[in-house]
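**Q** Sequences listed follow chains A and B, in order.
When the letters of the first sequence are read in order and numbered with this note's numbering, they come out as residues 470 to 681.
When the letters of the second sequence are read in order and numbered with this note's numbering, they come out as residues 470 to 681.
These aren't lab readings, by the way, just hints derived from the structure by calculation.
Given the structure is predicted, the values throughout are model-derived calculations rather than measurements.
Among these hints, one or two may not hold up.
[As the list claims (entries may be wrong)] Just a few of them, taken from the derived set where beta-carbon distance is under 8 angstroms, the chain A residues facing chain B: (1) GLY497; (2) GLU498; (3) GLY499; (4) THR660.
No residue lacks a Cβ here, since even glycine has one placed at the ideal position from N, Cα and C.
Protein chains: 2
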Amino acid sequence: MTQITLEITTSLDGYVAGRDVSLENPLGEGGESLHEWMFTLKSFRTQHGQPGGEENADDALVARNLAALGATVMGRKMFSGGRGPWQSDPNADSWFGDDPPFRTPVFVVTHHARDPITYSNGTEFHFVTGGVESAIAQAREAANGKDVRVAGGASVATQCLQAGLLDRIHLHVAPILLGGGVRLFEGADLTRLELVESSASEKVAHLSYRPT
Amino acid sequence: MTQITLEITTSLDGYVAGRDVSLENPLGEGGESLHEWMFTLKSFRTQHGQPGGEENADDALVARNLAALGATVMGRKMFSGGRGPWQSDPNADSWFGDDPPFRTPVFVVTHHARDPITYSNGTEFHFVTGGVESAIAQAREAANGKDVRVAGGASVATQCLQAGLLDRIHLHVAPILLGGGVRLFEGADLTRLELVESSASEKVAHLSYRPT
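Use the sequences and the hints to build the structure in full.
**A** See below:
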């Protein structure tokens, strides 16, 4: 049965990107270091078309989530970093390159309609103007019984939480303090979660929650 | 050998107190729920002069840290919630009551000098006007080889981190989102930490870090 999951890496102080996010530096100051724990993993490298990689407990967890992945939902900022009409977005075809590491349908939440973009590796970007509920519904259909992953950014993640759309929150907590930047769940209503799974390596802690 | 440790509970979104902190509601909106995981533990209850309590993995961890405790450092806000001269502080003798749950020396960082307060249970409040470095130095001396715990609040914790005074950060992450309030490590410089220990129950995740 399809689970709607949020999977995202935060700093220990709750940021998903550092200070001064820009088109040139989409993860902000120090933000690249959030994801370092993943770059060496076999599952991550395979998904990105790279050879080799470590096969450890972190890798097993990433591999498990990737194997369950049927479709992805993300915000416009995560797709291209831009805003406003697509004609004025210098990065309108995404910053994921010619071999986007999804290989499944991706639903991009945006205010600006456009036709889908498809890649031979199975990635399809669909552009949804009806908000997160519509994006999740379309992704659920496309996932065909597999899971839907909400990948970010912070705004879409928080909207999905607040709308009660999430079955699971998989947080990867990187051992860094960014001190400022883009916060996850900024301004969310008071929420209780159930901690259903946890593990850690020296590079990252994994905490999985069920919103209640 | 004395370790200088920060031990503090945060929400999953990085708050150590909720919105609208006041003298009447010192932990802010929803902030009490941060500490619920501790209230039922035998070690916590014993420290607070209460009978009974659960003896589980969370309890063992709290008991271990309490057994190592030689002295505590805290900010004025954590001591009384007040500010300015002590004569104008409605809570000048602390909100810890007649049997403060420390039973060891406590060094309160404040701008306003005053004489120590001592209790028959071993708690001594000393008031330090020389900043966090002076408070840590005095606490180290008083701890007599045991550990010094920085207990909060957020400002003193961040000052100690930034001054390079912490050997360990023991974070207890409660499975709640407060959505706003008092943040831990707000505005800290970009910092890398080493994750040295982790464990979890359904009520709380424990993450221990070494600043590097």
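**Q** Now, for every hint given, state plainly whether the structure supports it.
**A** Hint-by-hint comparison with the structure:
no.	hint	in the structure
1	GLY497	violated, 10 angstroms
2	GLU498	holds, 7 angstroms
3	GLY499	holds, 4 angstroms
4	THR660	holds, 4 angstroms
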